[in-house]
Amino acid sequence: MLQIKNLHATVDGKEILKGIDLAVNTGEVHAIMGPNGSGKSTLANVLAGRDGYEITQGTILYNGQDLSKMAPEIRAREGIFLAFQYPVEIPGVNNIYLLKAALNAVRKHRGEPELDAVEFLALVRDRMKVVAMKDDLMSRSVNEGFSGGEKKRNEIFQMAVLEPALAILDETDSGLDIDALKIVAGGINQLRNRERAIVLVTHYQRLLGYIVPDFVHVLADGKIIKSGDRNLALQLEEKGYDWVKQETVAA
Amino acid sequence: MNGTAIHHYLAEYHRREASNNTPWLQEQGLAALEKFRNNGLPTTRQENWKYTDIGALARTGFITADARHNTIEHHRLDAVRIKGLDCYELIFINGQFSPTHTRLEGLPAGVMVESLGRSLPNPSATVREHLNRYADNDNYAFTALNTAFLTDGTLLVIPANAVIEKPVNLLYISNRQDQTLVSHPRNLVILGANSRATLIESYIGLDKAEYFTNTVTEILAGEGASLEHYKIQQESERSFHIGSTHVTQQKDSRYVSHSISLGGALVRNDITATLGGNGSETILNGLYMAGDRQHVDNHTLVNHLQPNTRSEEYYRGVLDGHARGVFNGKIIVHKNAQKTDARQSNANLLLSDNAEVDTKPELEIYANDVKCSHGATVGQLDENMLFYLRSRAIDEETARSLLTYAFADDVIRRITLQPVRDRLEYSVIGRLPDASLIREFV
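Taken in sequence, the protein lines are chains Z and U. Read in numbering that gives the first Met the number 0, the first sequence has 75 at position 76, and its numbers run on one by one without any break. Read in numbering that gives the first Met the number 0, the second sequence has 305 at position 306, and its numbers run on one by one without any break.
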């Protein structure tokens, strides 16, 4: 589904990604771990197509198509979803209307009929349960006045409605207390299935205690320096990132 | 240029003199005309007009509208009226009162809503006492011009303790006539002690007509009185609109203004609010949107004369194309006005590289125990918000429209009167690309 080859990318002219290779297949959950500043969030933003993130070398293929040629909204319609590390507040734009427009844009792109208000509301009611969304969030502006935990839940709620093929979750666990973490992780687990790939970008192992990844990759200084299964995450937790770095240098 | 304009308006005055049926006002009219003759029209050399060049207005020989210009096809009014608004209504066509379209059934006893022009020949004591008392003919050239040409407009008198629940809607409609017209509507609004009312002034242009509206509204809010005042400016894209609102407030009164400026080629709105009584309060909300080569200038002056007075001002502007916006918000806290609380904010969104805005807050404080704050911003659409929307499958253009709408709506949603709010939201969205998509969001 996703083929990243020798990806180099710059932000404001500064090279952050320095040759990433990664293959993600349908149904797989990949965790990208790494210390602060290693390029994790840059990778997530490059995949979603944020302005200012420039690919200088290498390729990203998504279902065989060159992702770099697609506008962010086209990527979204093709099934890519980014759960933001810092979901932005948009006063005056209603949460639910945005979601309806988003879903219908995706459906239209796929050649499916748009949902009317009644069908959409039924779907929303159903998906709210995934992350135990409160009713009042429906009448509010996008993320406005939400607590940190509510914002992250709202991202997963959006994912539950939009049903992406590839979900990139950028530090979705950061800033969550243990109760909120359990709700968010529980929601992600419910959305895990054989048709969907999930890329979890995270600094800490603790999220992976709830969501067991198929693959773990360690990103340092813009490169994946080690890949393995869930045990790699446990080793990292125990020994720290320096251990992998030293091991890489030694090798 | 100014000489020509002065000459033109003097000639217009004398041309109409014969039909003037208000001898008791003549002296005030002549005095105002004399002021206009001496001061002329403002130029950009004057601080208050630095960014607004009225050259094109001064060069046009507008003919003063009269009773002959009172024609409109009946069905066109339906499009102009505010849908779902249960209100008392007076309609003026090119500044001329149109009695057949009046809606005043069920007006509470003692409340007066009528054509000012019809009350001028036999004025009540109230009209004699208050008309031309709150307007500032010395410092506002266009107000002096309005006073000189004063023939019609609206008289609204709310007696003490009266509450009128339904809003009073004044529709000033201009359409295409065989001449390029100027009208000088004059509104006098007197609120007795502890009375309450809602007033809507709508200025609407049809047929892409070219004309000039020079309007003045004088308001006295008596002790404990409360007025919610809407000014909706949707003049034609080729028109000139100069409007001044002069408000005088007594003790514990409250004046709330929503000034929404969407139309016109050259627009200037002045509001002067004088907090002349202890504990009085002024709230000024404003929105201006301009595109193409529109020019819209909002000047406000809040005078805190007495202690414990409060003012809060919130204006937003959206400028696109080659449009130019001007905001000048002046607050004067006089020596006596201790414990004044004055806040002001102006935010502007520039949607094009060729759009421009000049914003200037001015504070003059002569008291020592006051709270005053002001802030002005000029910016573009937020890139993070745009990306967030696009990452949710929304087209870039739609996302831009949506964020622009949300920015403007921050002013409109302060409007409590739902039909007015709906109408304005509809109009604002109508200006944006992808209007039909945006409508689904609201």
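Hint data in this document are derived by calculation from the structure and do not stem from the laboratory. Any given hint might turn out to be false.
Claimed, not checked - Part of the chain U face toward chain Z, derived, beta carbon under 8 Å:
id, residue
1, W48
2, L380
3, E382
4, Y387
5, E395
6, E396
7, D433
8, A434
9, S435
10, R438
Said to hold, decoys possible - Here are the simulated EDC-like pairs of lysine to aspartate or glutamate, each with C-alpha atoms no more than 20 Å apart in a straight line:
id, chain 1, residue 1, chain 2, residue 2
11, Z, K244, Z, D20
12, Z, K107, U, E424
13, Z, K107, U, D85
14, U, K82, U, E361
15, U, K329, U, D381
16, Z, K150, U, D381
17, U, K329, U, E361
18, U, K165, U, D85
19, Z, K107, U, E361
20, Z, K68, U, E396
Said to hold, decoys possible - Pulled from the structure, derived: some chain U residues nowhere near chain Z, Cβ distances all over 12 Å:
id, residue
21, P107
22, A124
23, K338
24, I393
25, A398
26, E439
Note that the structure is a prediction, hence the values are computed from the model and not measured. Beta carbons: idealized from backbone N, C-alpha and C, even for Gly.
Going through the hints against the structure:
no., hint, result
1, W48, "violated (34 Å)"
2, L380, "violated (11 Å)"
3, E382, "holds (7 Å)"
4, Y387, "holds (5 Å)"
5, E395, "holds (7 Å)"
6, E396, "violated (10 Å)"
7, D433, "violated (11 Å)"
8, A434, "violated (14 Å)"
9, S435, "violated (12 Å)"
10, R438, "violated (10 Å)"
11, Z/K244 - Z/D20, "holds (18 Å)"
12, Z/K107 - U/E424, "violated (27 Å)"
13, Z/K107 - U/D85, "violated (41 Å)"
14, U/K82 - U/E361, "violated (39 Å)"
15, U/K329 - U/D381, "violated (29 Å)"
16, Z/K150 - U/D381, "holds (19 Å)"
17, U/K329 - U/E361, "holds (5 Å)"
18, U/K165 - U/D85, "holds (7 Å)"
19, Z/K107 - U/E361, "violated (52 Å)"
20, Z/K68 - U/E396, "holds (18 Å)"
21, P107, "holds (36 Å)"
22, A124, "holds (48 Å)"
23, K338, "holds (31 Å)"
24, I393, "violated (6 Å)"
25, A398, "violated (8 Å)"
26, E439, "violated (7 Å)"
Of the numbered hints stated above, those contradicted by the structure are hints 1, 2, 6, 7, 8, 9, 10, 12, 13, 14, 15, 19, 24, 25, 26, listed in ascending order.
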